[in-house]
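A.B. asks: Given next are the chains, with one letter for each unit.
There are 2 protein chains.
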Amino acid sequence: MEAQDGRNAGEYRASFLKSIVRFVLGRPLANRESRQRQIGVLEGVPAMGLDGLSSSAYGPEAALTILAAAGAAGLSAILPIMFVILALLAILFISYWQTVEAYPKSGGAYIVAKENLGTNVSLLAATALMIDYVLNVAVGISAGVAALVSALPQLHPYMLPLCLCVLGGVTLVNLRGTMDAGRLFALPTYLFVLSFIVILLIGAYLVLTSGSHPHPAIAPPPPPKAAEAIGLWLVLRAFASGCTAMTGVEAVSNGVGAFRDPAVKNAHLTLTVIVATLGILLGGIAFLAHAYGIMAMDQTQPGYQSVLSQLASAVVGRGAFYYVAIASALAILCLSANTSFVDFPRLCRFVAQDGFLPRPFATVGRRLVYSVGVLYLTITAGLLLMAFGGITDRLIPLFAIGAFLTFTLSQAGMVAHWRRVMRGRRSASGSRRIWIHLVINAVGACATATALLIIVVAKFTEGGWITIATIPCVLILLKAIKRYYDMIVAQLRTRGHLEFRSNKPPIVVVPIQDWNRLTSKALTLAMELSSDVHAVHLAALEGPDVEAEEKRLREQWENVVNKPARAAHFPHPPRLEFLSAPYRRIHAPLLKLIKEIEEKNPDRTIAVLIPELVKRHWWEYLLSVRRARRLRAALLEYGGSRVAVMEVPWYLAEPDIEQSMTEEEAAEPCTVETG
Amino acid sequence: MEAQDGRNAGEYRASFLKSIVRFVLGRPLANRESRQRQIGVLEGVPAMGLDGLSSSAYGPEAALTILAAAGAAGLSAILPIMFVILALLAILFISYWQTVEAYPKSGGAYIVAKENLGTNVSLLAATALMIDYVLNVAVGISAGVAALVSALPQLHPYMLPLCLCVLGGVTLVNLRGTMDAGRLFALPTYLFVLSFIVILLIGAYLVLTSGSHPHPAIAPPPPPKAAEAIGLWLVLRAFASGCTAMTGVEAVSNGVGAFRDPAVKNAHLTLTVIVATLGILLGGIAFLAHAYGIMAMDQTQPGYQSVLSQLASAVVGRGAFYYVAIASALAILCLSANTSFVDFPRLCRFVAQDGFLPRPFATVGRRLVYSVGVLYLTITAGLLLMAFGGITDRLIPLFAIGAFLTFTLSQAGMVAHWRRVMRGRRSASGSRRIWIHLVINAVGACATATALLIIVVAKFTEGGWITIATIPCVLILLKAIKRYYDMIVAQLRTRGHLEFRSNKPPIVVVPIQDWNRLTSKALTLAMELSSDVHAVHLAALEGPDVEAEEKRLREQWENVVNKPARAAHFPHPPRLEFLSAPYRRIHAPLLKLIKEIEEKNPDRTIAVLIPELVKRHWWEYLLSVRRARRLRAALLEYGGSRVAVMEVPWYLAEPDIEQSMTEEEAAEPCTVETG
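Protein chains in written order, with this note's numbering: chain Y, 1 to 675; chain G, 1 to 675.
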């Protein structure tokens, strides 16, 4: 199997796998490249805005669905409801604008709450955000695919595979980096924004020129019959549902770190573009829906059309433009998960850096993104999708709870922030500006808290309790993780310095099976380390032939160790000892021997030297009894703190270190800086 | 979670698991107990005879099924066919009796062929036997369960689970040891033998007293109409099918090592009991079937009854005795797999000792059986059962091919054996006895070879080709395994002795992350090993905060290492070096550093000392970035032969070595014998 250039089949396979990974994920990026990987406004809007912008596709529809119960009368309520939602959106915009300014590294709700409201509140914010992001992925993708399937019913049997494909695609793109995601998803995002703004403008023109009675290109179906009278509870529920239109607005503040310098300016601009576009879309949709008499249809009935579809048909008819617009709406709905993929890993990184999540979440991956967070999000969302068979639409209202809890905590944090800023100031200059900030955030906090309350009450029995019950569980988990890390840090902390006694070298124990090159190498190394070397033969199987084997090894030892040692006048050759393992497991007798040696030598370390044949293929593991590996594991787990385990490798073919590296790593010079 | 006696929840769980294992598998057995674990005739017959004896339940039926095509005329052919089968059985009996005598340690076909016909033929025998044993498990269990289900049709939906339960049960019993299996399965075995011999005796008495025209208690259904005339091909096919009645006869010769002393005598007696019983059953069944006019019924038709059931009803009617007899027949059919479980691991052990199978097959397990072989058999047979949904009856003829190939090779080997014995003799005394042996084995070899040929031709298109195609694949695999082991032995073999130069101590590299107890312990050990210690800090993440960290560590190093070293007049304190890892993987820069050190110091070993926090729970692995583990793996795989990897454990709580042991191991004294 040896090929021309000396590489064998296994090595070819390994390098083939490497090329595939390289093709899919791109070349590994060095730390120094992180600046070039930061994004601007152009990539920021698709990367972080997809969640927010796609909300316009389901927010108004969600409100209209509730209002449909009141029939045509319900339609009149959409304008005031949307007015309140837009006012809330404006408050959120101002609030997050300030947050980005005040926390230019990362202004996420977690950081704001941590700095201003303490650890517990910040963990609540982190939990709410994490739940929100996970749900957003599953729900966003399944809603998008559901819309796609209702447009192309022949795809219906493939709902779940389609969901998982979209999930896999978004994951891969995000493993390549936020910049790649931003660039790749720019086309559908801008296409969606452009086409619907054009539709809204045409619609508005038609409404205004027709004296508020436009003639639809294709008439929407008549509104359903009223099932109940319009009342406060109905309006509140419609408002609660419509609030889902605001989810995703916090994304920019969580991801300021992704922007290139000037980061704050870029983040502000991105936030402005997203919120302004969302505002225009929401307002325009509500206005035209009212003017054209468009009502939400029952999704479970045949012939269902979404509000966006009805509206586009009414304004421009079913030409090519209609299909482009609807296709782009579908695409951004499917891709709305991307915002979670950009922000969730960044959030987890901050939480992990503080010790509340496992450390791997803070590890930067191949492409300078927090890959563990990306993969965790994929797995959780994937499991959710599979558990619900790809039909998670009904969870949509649930993640609004997380979003609004975050909004409230984030703004409450900003109120505390401004109060601190005010107290910290000596002079009164500029305090009026700070007061205004404070009041805006306070109003925002109250408004979003009220909205949250309405959402919780309205959605509690529809599944809201799941979100509410999950929050304390996650909180307890986060705190337990922190306790574990704190315990380890406390145990490892030391005030002492390194001791410089004249320590005796360790006693070296070398388990051997036979006399061969491997044994010879291990013993040579053992003698380099210490003059006190025990070669231990473990008679793993008793019986008549064991005695013969022992005798043979004893004679061999005399020839290969004792005689040459005497000839070289070597004072302390390795001693050969036989240890019986009647139960055929070698670690138990060896551990006992180590304890005996430890008791006799209270000030010495016991180094166990394990000769090991290095395996390069998976099947070699099947062919070995793995004694070295099992012995190492048992010694490390139970040996005690005076034991050290040393593995001496033996290679069938000397390895090439470059095979352990990527091209880039191999090209990097080895720079050592002495301290 | 700390309990009264200082053990935590994890330790309780571990000890709970230990008690479950102890309850299911029994206490671990010491090597010195192996003699008490050997079996006598009483256990030998159920342990090794189940396959052979259960053959009587399907062998005659298989022949009659073929003969049924010729209608009532076919029935007359059963007596001559059975006569030939019994003659073959007698030859096999004599042959295996001699084999056991000639190879008292283990006279399996593999050993006989190895000693007399060379490696290739012995591997062919081993392959045939292994295929035979694996098929026997799957087919035996599924046939038994199929018979059970046809008696209790309400169990029909649970065929596969029932098969897997029986498989699991037989596996567990055999993991406890051959003796346990022999004792547990004695009841159904002896019950079956006893009840059918009684039935046959009564039947024979009735036939003889009625002038060959017995009056059945319950009349068997009339024979089917003849579909074809009786001819040579039909008779040969019936003979080929009937030969399945002989499978399992070789079992005793493969398992002589399981018997207690005098092993040969015990084996002889066991062989005699099994073959004599089988002969009586086969002859009796054929005789009574002929006398009562019992024909095989179509299994796929409703109202199907097995030949044994028809025969028992005809002789004794459907009383309690009938049900006891049929239930015991069912039980031994289900348990016929046991013979494979006794012999397969023993065969694999011999093959593995010769290097043709992975070494773990030669490892004695907790209960002094070759557990890997037992588990391998379970997994393979389990997969077969699952692949065929528990319906593997149609594979029954296939394993007769393996059995008859074994018979032939084993007897051919004995012929060669006797020829060698004869050539080795100086005098002519006793050479007549050897001649007789030789002739018997030669006749046996020819007879079984002819039978094999008939079976292969008759069953080739019915699936026999699968067995025939599998054999060369297994052979190639066995030889490849041997080549791998030979290659390793050749590489490790040395004629040299241990060198006693005055070697320099190794250069020690200690990757550190921070100054803490773990680092301190590792450095202390490093200084015990060598005066040349490099402490390497890997800046895994570049950026503005890395410089601050470097500065802090540099200052700390001055305080905790350099200053105390100067105060103690210590000449070579560990040097601190900074290594940059721009691609965030630490092994690549470290490997390069090691190569640099190796080039500068061509005669030194490089020991990399990795401090490691020992984890005791699975969840701790989730909370760590596993740098130590990954670094160790990369160093061992790519470090090259001058690197040694040393792990220095740090425990959150000092471990108790007894937790790594069973009660028995803990009670064993530590006996060291110096060589």
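Hint data in this document are derived by calculation from the structure and do not stem from the laboratory.
Hints may be right or wrong, so weigh each one.
To be verified - With a Cα cut of at most 30 Å, we get these calculated DSBU-like pairs of lysine-lysine:
(1) G:Lys504 / Y:Lys563
(2) G:Lys482 / G:Lys551
(3) G:Lys600 / Y:Lys504
(4) Y:Lys551 / G:Lys482
(5) G:Lys595 / Y:Lys18
(6) G:Lys551 / Y:Lys482
(7) G:Lys563 / Y:Lys551
(8) Y:Lys504 / Y:Lys615
(9) G:Lys479 / Y:Lys615
(10) G:Lys504 / Y:Lys600
(11) Y:Lys479 / G:Lys595
(12) G:Lys615 / Y:Lys595
(13) Y:Lys615 / G:Lys595
(14) G:Lys615 / Y:Lys600
(15) G:Lys504 / Y:Lys504
(16) G:Lys615 / Y:Lys482
(17) G:Lys551 / Y:Lys105
(18) Y:Lys615 / G:Lys105
(19) G:Lys551 / G:Lys504
(20) Y:Lys563 / Y:Lys600
(21) G:Lys504 / Y:Lys615
(22) Y:Lys615 / G:Lys600
(23) Y:Lys600 / Y:Lys504
(24) Y:Lys615 / G:Lys615
(25) Y:Lys504 / G:Lys479
(26) Y:Lys504 / G:Lys615
(27) G:Lys265 / G:Lys105
(28) Y:Lys595 / G:Lys18
These numbers were taken from a predicted model, which means no experiment stands behind them.
A.B. asks: Indicate, hint by hint, whether the structure satisfies it.
C.D. replies: Going through the hints against the structure:
1. G:Lys504 / Y:Lys563: Roughly 22 Å separates the two Cα atoms, so the pair holds.
2. G:Lys482 / G:Lys551: Distance ~57 Å between Lys482 (chain G) and Lys551 (chain G) Cα, so the pair is violated.
3. G:Lys600 / Y:Lys504: Roughly 28 Å between the alpha carbons, so the hint for Lys600 (chain G) and Lys504 (chain Y) holds.
4. Y:Lys551 / G:Lys482: Distance ~27 Å between Lys551 (chain Y) and Lys482 (chain G) Cα, so the pair holds.
5. G:Lys595 / Y:Lys18: Holds. Lys595 (chain G) to Lys18 (chain Y) sits at ~23 Å (cutoff 30 Å).
6. G:Lys551 / Y:Lys482: Satisfied, since the Cα-Cα distance of roughly 27 Å is no more than 30 Å.
7. G:Lys563 / Y:Lys551: Distance of about 55 Å is beyond 30 Å: violated.
8. Y:Lys504 / Y:Lys615: Outside the cut-off at roughly 35 Å; violated.
9. G:Lys479 / Y:Lys615: holds (20 Å)
10. G:Lys504 / Y:Lys600: holds (28 Å)
11. Y:Lys479 / G:Lys595: violated (44 Å)
12. G:Lys615 / Y:Lys595: Given that 30 Å is the threshold and the Cα spacing comes to 21 Å, the pair holds.
13. Y:Lys615 / G:Lys595: holds (21 Å)
14. G:Lys615 / Y:Lys600: The hint holds at about 28 Å.
15. G:Lys504 / Y:Lys504: Holds - the C-alpha atoms of Lys504 (chain Y) and Lys504 (chain G) are around 16 Å apart, at most 30 Å.
16. G:Lys615 / Y:Lys482: Holds - the C-alpha atoms of Lys482 (chain Y) and Lys615 (chain G) are around 17 Å apart, at most 30 Å.
17. G:Lys551 / Y:Lys105: With Cα atoms ~23 Å apart, Lys551 (chain G) and Lys105 (chain Y) stay inside 30 Å; holds.
18. Y:Lys615 / G:Lys105: Violated. Lys615 (chain Y) to Lys105 (chain G) sits at ~35 Å, over the 30 Å cutoff.
19. G:Lys551 / G:Lys504: Violated - the C-alpha atoms of Lys504 (chain G) and Lys551 (chain G) are around 34 Å apart, more than 30 Å.
20. Y:Lys563 / Y:Lys600: holds (28 Å)
21. G:Lys504 / Y:Lys615: holds (29 Å)
22. Y:Lys615 / G:Lys600: Within the cut-off at roughly 28 Å; holds.
23. Y:Lys600 / Y:Lys504: holds (14 Å)
24. Y:Lys615 / G:Lys615: holds (25 Å)
25. Y:Lys504 / G:Lys479: violated (50 Å)
26. Y:Lys504 / G:Lys615: holds (29 Å)
27. G:Lys265 / G:Lys105: Within the cut-off at roughly 12 Å; holds.
28. Y:Lys595 / G:Lys18: Within the cut-off at roughly 23 Å; holds.
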